[in-house]
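Chains as they are written, first to last, in the working numbering: chain A, 1 to 400; chain B, 1001 to 1077.
Just so you know, the hints here were simulated from the structure itself, not pulled from any lab data.
Careful, some of the hints might be misleading.
Below, computed lysine-lysine pairings styled on DSS-like, alpha-carbon distance capped at 25 angstroms [stated by the list, open to error]:
no., chain 1, residue 1, chain 2, residue 2
1, B, Lys-1021, A, Lys-194
2, A, Lys-389, B, Lys-1077
3, B, Lys-1074, B, Lys-1021
4, B, Lys-1031, B, Lys-1077
5, A, Lys-396, B, Lys-1024
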Amino acid sequence: MSSEEKKGEKGVFRELYETFFSHSWQMWLGSILLAVMSIFLFLIASPWGSSGGIVNWGQNLYHNLGLSLENSAPNGVALITEYRYAMLSITVIIGALVSALMGKEFAIRVAPAGELFKGLIGGLMMGAGCILAMGCTVGNFFSGLAALSAGAIIFGIGLFIGVFLSVKYLLWEMDKHPKMSSGKSASILQAKSKGLSLQPLAGLIIFIIGLVIVFTVSDIIILSFALIGLFIGILLQRSRWCVVRALREPFMTGDSEPAVGIIAGIIIGLLGFSIIKFFGIGSETAMVVENFWMPSIIGGIIFGFGMTIAGGCTIGSSWRAGEGHVKLWLALLGIIIAGPLTAEYIKPAFMNMLPGWMKQSIFLPDYFTYIGGVIIMILLLLMWYIFVKWNERTGKFTAL
Amino acid sequence: MVMADQTLDCKGLSCPMPILKLAKTMKQFEKGKILELLATDPGSKADVPAWCDRTGNELVETGEESGVYKYYIKCNK
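Could you build all of it, start to finish, from the sequences and the hints given here?
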């Protein structure tokens, strides 16, 4: 082999690397691929979800500390290694870490104290909100809408209200208390800008270690979830996939791109899930729970407010945690602390208080047939699309 | 090398704080002056150019040094 051919080969790998890691991907691309991953998960067992796994970590923590969880886990707490969503939530963070390292974007970023505080508070609110609404922006929104759940529509409305209020708060804070977001900050372990960076190598090594650990899992379903989680983490970090941005930007900058991205993913999920459900390949009731409408609206508002001050929902916090943002580590901690406590002490009383018609499980095809359900969902997504595009042009709801 | 009239330090901050601060600072900025924005959030690499595009402010130069992304933005409003 001549030296020129060698050079050419190196060029191919370099090109391949740069295709994936030299810049961020369009959000719609990440979103569609994530919907495909969610369809894979559904074909294996059940669609993609995020908060359930993180709350399970918290339940394990409380259980080990000796707290009784008799209301929320009467049959005992599932071990992290035996619960597919708990494993998925771990490998998502590892995947995001790998992706950030490969793109030379990893650094431990310590935000000013006021920001760290907002991360924790936002996390606590997300922990409470996802338990009351019975799911987060992934399971109860991205997957929930695709699963034709009416509760997911109401959760979306709750999120919108929460985000709207939270943006108002952020603008007020910026005006009256600018110290909250300024002060001492630090950045550690960032990639060198000149010369060779070790980050891509570290990313590759962690990816291989992650793969080896995933393949030691004996349960084939949990193994598959953990494996797909690694790739979900990479997709999330590469496309900077963010439900907060999709819902927030109309009220902030007016940018419609994140919303369009999320909508594109939901439509792919909607088609895939409908086929899986219609042909009986997977359960019709997957991601359809008794949250229509009161649990969804209350939980949605609390969750929406929390994710906006934290700067990431459960999954957005997960991949940003992998990228090294300490504020989002604290958001995850908040979910871990508040989720299990809300499930144990608040949710049973909350659900008892509600009359039956406020806590129904509504699967749209039961009322409108599959075709009708899909059409309703697409019309709602179209309304969302028209709103963000119209708002982008007119700036009617835009603050900045 | 662009000379900045003022520096806005957003190091350590994650989305959406850098954009919120940038928008607030630019509101009180004089036309034609140049703001230097320092950020460590990789999200800023896409968000700052997009914001400049939308608001009609000019992104004169960008750079990166040891994990700090630098943006030089000329106020056009």
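Against the structure, the hints:
1. Lys-1021(B) x Lys-194(A): Distance ~29 angstroms between Lys-1021(B) and Lys-194(A) Cα, so the pair is violated.
2. Lys-389(A) x Lys-1077(B): 24 angstroms, holds
3. Lys-1074(B) x Lys-1021(B): Since the Cα atoms of Lys-1074(B) and Lys-1021(B) sit roughly 16 angstroms apart, the hinted pair holds (cutoff 25 angstroms).
4. Lys-1031(B) x Lys-1077(B): 6 angstroms, holds
5. Lys-396(A) x Lys-1024(B): Holds, because 19 angstroms separates the two Cα atoms, which is no more than 25 angstroms.
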